[in-house]
Structures are given as C-alpha cells and as structure tokens.
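Going down the list, the sequences are from chains A, B, C and D. Going letter by letter, the first sequence gives residues -19 to 215 in this note's numbering. Going letter by letter, the second sequence gives residues -19 to 215 in this note's numbering. Going letter by letter, the third sequence gives residues 1144 to 1361 in this note's numbering. Going letter by letter, the fourth sequence gives residues 1144 to 1361 in this note's numbering.
Keep in mind the hints are simulated off the structure, nothing from the lab. Predicted model, so just to flag it, every value in this text is computed and none were measured. Glycine included, each C-beta is placed from N, C-alpha and C at the ideal position. Be aware that a few hints might be false.
Stated by the list, open to error - Here are some chain B residues pointing at chain A (derived, C-beta under 10 Å):
| id | residue |
| --- | --- |
| 1 | Gly73 |
| 2 | Gly83 |
| 3 | Phe99 |
Stated by the list, open to error - Derived DSS-like pairs (lysine-lysine); straight-line CA-CA distance at most 27 Å:
| id | chain 1 | residue 1 | chain 2 | residue 2 |
| --- | --- | --- | --- | --- |
| 4 | D | Lys1148 | A | Lys212 |
| 5 | C | Lys1309 | B | Lys53 |
| 6 | B | Lys212 | A | Lys121 |
| 7 | C | Lys1292 | C | Lys1267 |
| 8 | C | Lys1267 | B | Lys113 |
| 9 | C | Lys1260 | C | Lys1291 |
| 10 | C | Lys1309 | B | Lys121 |
| 11 | B | Lys165 | B | Lys27 |
| 12 | B | Lys113 | C | Lys1260 |
| 13 | B | Lys212 | C | Lys1260 |
| 14 | D | Lys1343 | D | Lys1148 |
| 15 | B | Lys53 | B | Lys23 |
| 16 | D | Lys1260 | D | Lys1292 |
| 17 | D | Lys1267 | A | Lys54 |
| 18 | D | Lys1267 | A | Lys212 |
| 19 | C | Lys1148 | C | Lys1291 |
| 20 | A | Lys197 | A | Lys140 |
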Amino acid sequence: MALNKVVANAEEAIRGIEDNMTVMFGGFGLSGIPENSIVALRKNGAKGLTCISNNAGVDGFGLGVLLETRQVKKMISSYVGENEEFERQMLSGELEVDLIPQGTLAERCRAAGAGIPAFYTPAGYGTEVALGKEVRWFNGKPHLLEQAFDASFAFVKAWKGDTAGNLVYKGTSRNFNHAMSMAGKVTVAEVEELVEVGELDPNEIHTPGIFIQRIYKGERFEKRIEQRTVRKKEA
Amino acid sequence: MALNKVVANAEEAIRGIEDNMTVMFGGFGLSGIPENSIVALRKNGAKGLTCISNNAGVDGFGLGVLLETRQVKKMISSYVGENEEFERQMLSGELEVDLIPQGTLAERCRAAGAGIPAFYTPAGYGTEVALGKEVRWFNGKPHLLEQAFDASFAFVKAWKGDTAGNLVYKGTSRNFNHAMSMAGKVTVAEVEELVEVGELDPNEIHTPGIFIQRIYKGERFEKRIEQRTVRKKEA
Amino acid sequence: MGLDKNGIAQRIAQELQNGFYVNLGIGIPTLVANYIPKGIDVEFQSENGMLGMGPFPFEGEESADLINAGKQTITALPGAVFFDSATSFAMIRGQHVHLTVLGAMEVSDQGDIANWKIPGYMVKGMGGAMDLVASAKNIIVAMMHTNKKGESKLLRQCTLPLTGTKCVTKVVTDLAVLEITPKGFLLLERAPGVSVEQIKNATEGRLIIEGDVPEMKL
Amino acid sequence: MGLDKNGIAQRIAQELQNGFYVNLGIGIPTLVANYIPKGIDVEFQSENGMLGMGPFPFEGEESADLINAGKQTITALPGAVFFDSATSFAMIRGQHVHLTVLGAMEVSDQGDIANWKIPGYMVKGMGGAMDLVASAKNIIVAMMHTNKKGESKLLRQCTLPLTGTKCVTKVVTDLAVLEITPKGFLLLERAPGVSVEQIKNATEGRLIIEGDVPEMKL
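Put together the whole structure using the sequences plus the hints.
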C-alpha cells in the first residue's frame, strides 16, 4: 500500500527545525515559494538559519518575512536584493551572503538528492566564484569542482500532491522546487490541492513521493505577483 | 513559432550516420527501444558502431538485429547476454564489451546532456570497474570519477511527440530514453503518435523538444514482451 | 533441514518497517513481496523506473510498456509513479531507498559482496547491483548458506570479483540470520531445526556466537 | 546619432536563424523578441523553466505561476514546455541553446564580459549569467558603446569583476557591430550615420578595421 506522508498543518510539518540549521526554499522570485512553511518558521522562531534559495523574497513576503525577524544568518542565492531589509542587513554585515551561479545552485541541489557528492561545471571559471575551487580541464575547457549541498530541511511548494507525496507543479512555479525536494534530509511539501493516491496519473507526476517526507495542504496561498506585465486586449 | 523537427521516415531520420560512430539507444530490455531506427540502421549498413545501450536486445530483435549483421564493434551496457549471437561474438572476441554499473550509465548520459563533463559516484569502488579511475573521498566515503559520454547520435522512442520534438513516454518505457535524448549531438525520436504543437499539455511533457533534432512516426511497433508474467483472473 | 527460498523471503519480510521504500533484486528477493507483514506499508522501487510496483497483471492485461527490472510484465498500484533511469538511480545513490535485498554468490565477513561475475563463465553484467550496494544504507543478502558443492558462501574474503565492499548489513540464508559486524558474522538466529554447530560448519568466515542463539520465528 | 535600444535589438534580431533556441537577458536583449524576421522560427528559453515563451498576457489573464526570468508575467505559445531549474541549466550548460543575448557593463577585446557587479554598489548577484556565458557557443552582447560618463565599454581589459572569460562572440552597440577575434574587436558594421572615426574614438580595446566598413541595414 502506498505510504502516507500527510501531516495536519504547517506547524507539524516544520517539526524538528532547530537554530543554525541549513534549510532550502523552492521558488523563483515569488513564484512557487513555500509561503505557508515560511510563515510557520516565523512563528517557530528558529534562529541562525542558513537559507539556500534562488532569491530572498521581498519586504514582508516570502523570505523577507524571516529577514525581518533576524532568523537568517546566511543566504546562499544567485540573485537577491529585491528587498530593502535584505540590503540593509547585508550592507551592515548582519547578514552573510553567498552569491553563486544559478545553474550551479540548481545542480548542487540535484547532486545532493542524487548521491553525487561533486561535479565539474564551466560556470564561474575566471571569476571570483572560482576562488579557492579546484580547476580542471575537460574537452579543452576549464571547469570548477562544485560540491553537493547538505541541507537538513527542504521546503517546497507544489500545485497538487497526493498523500504519498507525489507532486505536480504548475507552469514555471516548478523551478527550484523539484531539485530541492530531492535534496532535503527532510523535505516538506505544501500543496494547493491534496488528493488521494490514485488521483494523479503515475505518468504525469513531476516529483516522485520517495523524495518527500511530509506533505500538507497550505492554509493560505497569496501567490503574489512581483512584476505584473500585461497588454491590453485589442478591441 | 514552434520549431519543426519532423522528418518523413526512419531512413531520413538516420541520415548522417557513419561507420565507427558512437551511438546511443534508449530502452530497458525490449521496452521502449527505438525499433524503427534500428531497422533503418540495418538497411543503412553502417559498420563499426560503438553502441551505448543498457541491454543488447535479443536474437533477431532490438540491437540483436545489428549484431547479426556485424555492424556493432563495441557494446557499452550494464547487462547483456539475453541473446546467443551476442554471446558467440563476445566469446570469440569479435565484439568488444564494456560493462558498467547501470546508474553510472544513466548518469553519464545525463551528464553529457547537461554539460557536466565529469562527476563522482560511489558505484564500483573496490571492484574492477574502478580500474584506472580516480578515487576521491567525500563525506568519509570513496567515490570514482566518471566522465560524460560523447555520442554522435542518440536514438530514442516515445509514446507521443509533437512536431517541435516534445516527448511523452508511457509507463516504464521512459527508462534511458529521457537521459539519452539529452545526450546525442543529434537525437532522433521515433513516436507511436505524432501530434501538432499545442496538443500536448506543456506541464506534462517529459522531454522538452530542445533536446530533439529529428522526430518521426514509426512505421511499425512490435513492442515485443521479453518475460510475459501474468496471473489468472479468479472466478 | 533449513529454510527453502520462500522461508528465506518470509524471514527477510520481517525486516520491513512501515514507510520503507524497498528495492528487491531478482531471485529469492522478489519473493519477499509475498510476505509483507500485516499493518506494514511499504513501496517497491524498480530501478528501470517506477515506484509502487504491484503484482503480475491478469492474463491479457500485460503491456510491453510496464515491466520490472527483471523484464517481467507487472502492474502499478495506486500512488505509483514512473520516472526515467537517471532519476531512478538518483533515488538509489541518494539513499532515498531504505532497504535493498539482493542475492549473492559470496559475502565476506567484512560485508563485501560478489554477485555479478564468475571467471570462465559468460558475464552478463552488474546491471544496477553496483549502484545499489555502493549507496544503500541497509543491504540484506538473501542466499543459500552453501553452494551446490557444499562450500560455504560466507567467507573470510570473497574469491570472486567484487560487486561492492563493506556494504552488506545482514545475511539471511537457509540456515541463519547473521549481522555483519567489525569482528565478523554475528549469528542472530538459527533456522528452525538447525543447530549452531551446523551453522559453524557451513561458515568459512569469522562467526561470532554470543550466548544462546534463538530460533527464527516465521 | 547612433541607434536607440530598439535599433540595437532590431539589428541583433538579424542574427536569428531558423530553428534557433534563444535565451534573452533582461533589458535591451528582451526587445529582440519584437523584431523576429519574417520566415524565421525561433523559440525563447527562459532559465526559470520554460521554452516557447510568448508575449505578456492580456489584462486579467496574468498568473503568479507563469513568469519569465525577469519575474514578469508572460504567456506560453503552442509547443511550449515547462521544466525545473536543474533541467533548464542542463539545456544551457549542455549547449542546447543556440544563441544567448546579454547586456554588459564591459566587454574586453578577448571576449571577457563583466555584467554583474560594481564594487561599492549593492550587488544583486549573477543570476544565470555565469552559467550562460560559460556554456553558450554563441553569445551576443547588447549594450551602449560608452557609459554615461562617455567612457568606452569596449576595453583592452575589463576593470569590473568578470562574469566570464573569452566567451563573447559579437557585440552590438548603438554605434557598431563588432566580432571578437584573436586580434581584438573586428568592426563589421557601422550604425546609420556613424563614422569609423567615431567608433574608433569610442573604443578603448584593440579595434580592427578591414577595408570599407558597411553601414547596418535595418
């Protein structure tokens, strides 16, 4: 029989989180971020977190929420600074920031989930990203040795999920959620729709439930849009 | 507008194949093998091929077809020997055989497609697979350095595909087809159903068309079953 | 005397824990699926690309697009999922599979395993076995205690080409259940009607016997 | 004198070839999509996870689940496909994308590019730029020839922290089209009404002028 990963709510889902842990957050910009788990982490109050997330949210939403409460010690991201509190903490030295190439960020997540401790990538050679890293040439081209991440928790968000943890994402909100779901020692998925096993077509599942330890239906999804760009309907 | 990768038939799809090339074939056992491309390769007669394929087909079907005509110089596989002609050629020394762990085989395909020239894996450490390979310890465990494959062509088989090369597989016939589709310099996909762009849900595509250079509707799919195991319906 | 293949499978099934993802090798390990204890939910992973593997299909319902790693036609249970080979071995290498059950030709008392190649015989290949044994945290070997010539398969050192080193956690044979420890095979249980002496005689590797060794409960 | 941003985009659009997969950076590069030549079919890749990116949605049809790498709401064209970030950068690193168009703060005459960091200013990060420039076979930089102080952005050596080395193939500015060659910037075309002398004065890196330099055709 299929396994059951359902927990009652966000509070139960984040159980085990401790100060100074390394945790991952899916999402790109504000799209596909684990909104409900972030809110629960704020309530929980765990401090000194090292957060691996492509971006750092905005003031008052997404990871911005945990920055306000000074719960974040360090951000590992590819692009940040869409929020003023982040900028203030970074410039004042309160917040450590490790900026790494986006593809390397994604691959280090995937490698962590796939049992690949390290791999070579051309990204960052000849730049400050290469400082202290092994350089090795393959096919006449220089590459850097990059290592898999090591995260205690991964928080991801999907559109639909079943009780066994199988996930389906919608549109571009899949982004980092899939690779991070593979990478967490404990991966917590929040979904908009929680369904019974058998309701998702086994051929159309994006993330197999084996990667997910806990799943719950998020209480509230604001799904804020960062840059609303539209065109007018022609008459 | 979406790109069009459609070619008329298997003969056109394999154009450019030359003696002594390295080529990949999707499939696991006889499930999901590119039957039509294999038949076309037999007609084409290209010799001295190095074939990367998890298995080597059976007598008279799958890659067995190219073994009969002595078109294969070398097999790179994880499990072989379901066919007598293969065994005869291997034991007589006519055929080179390179056996590698199945996960390493899959990951070397994926790495080739993903621009990762090399990666570390624990598989094969302390065995003859490790001979001549760099050993490196990560997290207190020994790993081998493995390199991405380099293949001129990859032949894959999908259930449905659209004219832009987007693919959907069925059941366990996905197997090596996805990673190999990423890995070929030219990837040829044969499908059971060829549809117009827009007919596949963009959220449910397994292999994005960017990895596919040519696509065609296979003329004939035998889809032979290797081990027919069934149970009787109870009265 | 001793267990048959089904008995070995039945004993191994007692090692299943609720919530386990399990990969079963070909042969005796496959039989483990027939003995899942009541109240225990597990899911089977097949390395060719599925989770939630079910029993063989009913006659006429078999499909070339739905097979297991032994190339047998099978079915998918509710909650099943299909994926590609690279993802499948990501699960295995990444230690997402909780238990692996494999057959073997030899196991050493340090946990080395040989199960893919016999010099002089046609070599079929290691398939996914090397990835499985190099990665899994919990590897149980299911095999007969001795080979057809009556020679022990539980050795001080493997004589056949290795599949992996220092990886096996337990061995379940027709005669006994043994745990691999730094000092050798620790005898945990005897098969019904089998004496410690018989196990001693059939074990070439270092065997540790501590106190009374209980009989298996099947 | 010289092109505006739309003119630069229009000239770059002439580099599009039938069948290209193209990644467009933020800023001027985004405008290239407005000038696809007739009869040329291309698909746009957005590194946050889609191929077949279309125009902005109609008012009221925008979705938080459908954005581009600039975090703008967009649409999907027929034949589009969504995928995860690791797969997206597999496409980029694996050289499946045929053309990358990026903005830059500086380009050197060896093809080095600096476009992510200015010491003393808030650093937002490199996003996907380092992966793109390290991997792509064909990288066109779209930028103004000089900065706001009138200083050349086409240099002998970049002064800002690099994004990548020896990677840019062409530069299209408000003044000219230039190809990176082992000997420096080869002047291919002048913007309408711009003289070779003006380009010379605005270029600090090695500039190669061979024969008559034609004017761009827009």
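(message) Please verify whether Lys212(B) and Lys1260(C) have alpha carbons no more than 27 Å apart.
(response) violated, 36 Å
(request) Would you mind confirming whether the straight-line C-alpha gap from Lys212(B) to Lys121(A) stays at or under 27 Å? (result) violated, 59 Å
(request) Quickly compare the C-alpha distance for Lys113(B) and Lys1260(C) to 27 Å and report which way the hint goes. (result) The given pair, whose Cα atoms are some 20 Å apart, holds under the 27 Å limit.
(request) Could you grab the alpha-carbon distance between Lys1267(D) and Lys54(A) and see if it respects the 27 Å cut-off? (result) With a Cα-Cα distance of about 15 Å, the restraint between Lys1267(D) and Lys54(A) holds, given a limit of 27 Å.
(request) Decide if the proposed pair is consistent with the structure: Lys1267(D) and Lys212(A), CA atoms, cutoff 27 Å inclusive. (result) violated, 32 Å
(request) Decide if the proposed pair is consistent with the structure: Lys1260(C) and Lys1291(C), CA atoms, cutoff 27 Å inclusive. (result) Roughly 17 Å separates the two Cα atoms, so the pair holds.
(request) Compare the distance between the alpha carbons of Lys1309(C) and Lys53(B) with 27 Å, and conclude whether the hinted pair is satisfied. (result) violated, 36 Å
(message) Run the distance test for Lys53(B) versus Lys23(B): straight-line Cα separation, threshold 27 Å.
(response) holds, 17 Å
(message) Please verify whether Lys1148(C) and Lys1291(C) have alpha carbons no more than 27 Å apart.
(response) holds, 15 Å
(request) Classify the hint on Phe99(B) as holds or violated, based on whether any CB of chain A lies nearer than 10 Å to its CB. (result) holds, 4 Å
(request) For the pair supplied as a hint, Lys165(B) and Lys27(B), confirm whether the alpha-carbon distance does not exceed 27 Å. (result) OK: Lys165(B) and Lys27(B) at ~19 Å, within 27 Å.
(message) Can you confirm whether the C-alpha distance between Lys1148(D) and Lys212(A) stays at or below 27 Å?
(response) Since the Cα atoms of Lys1148(D) and Lys212(A) sit roughly 23 Å apart, the hinted pair holds (cutoff 27 Å).
Hints 1, 5, 6, 13, 18, counting from the list given before, are not met by this structure.
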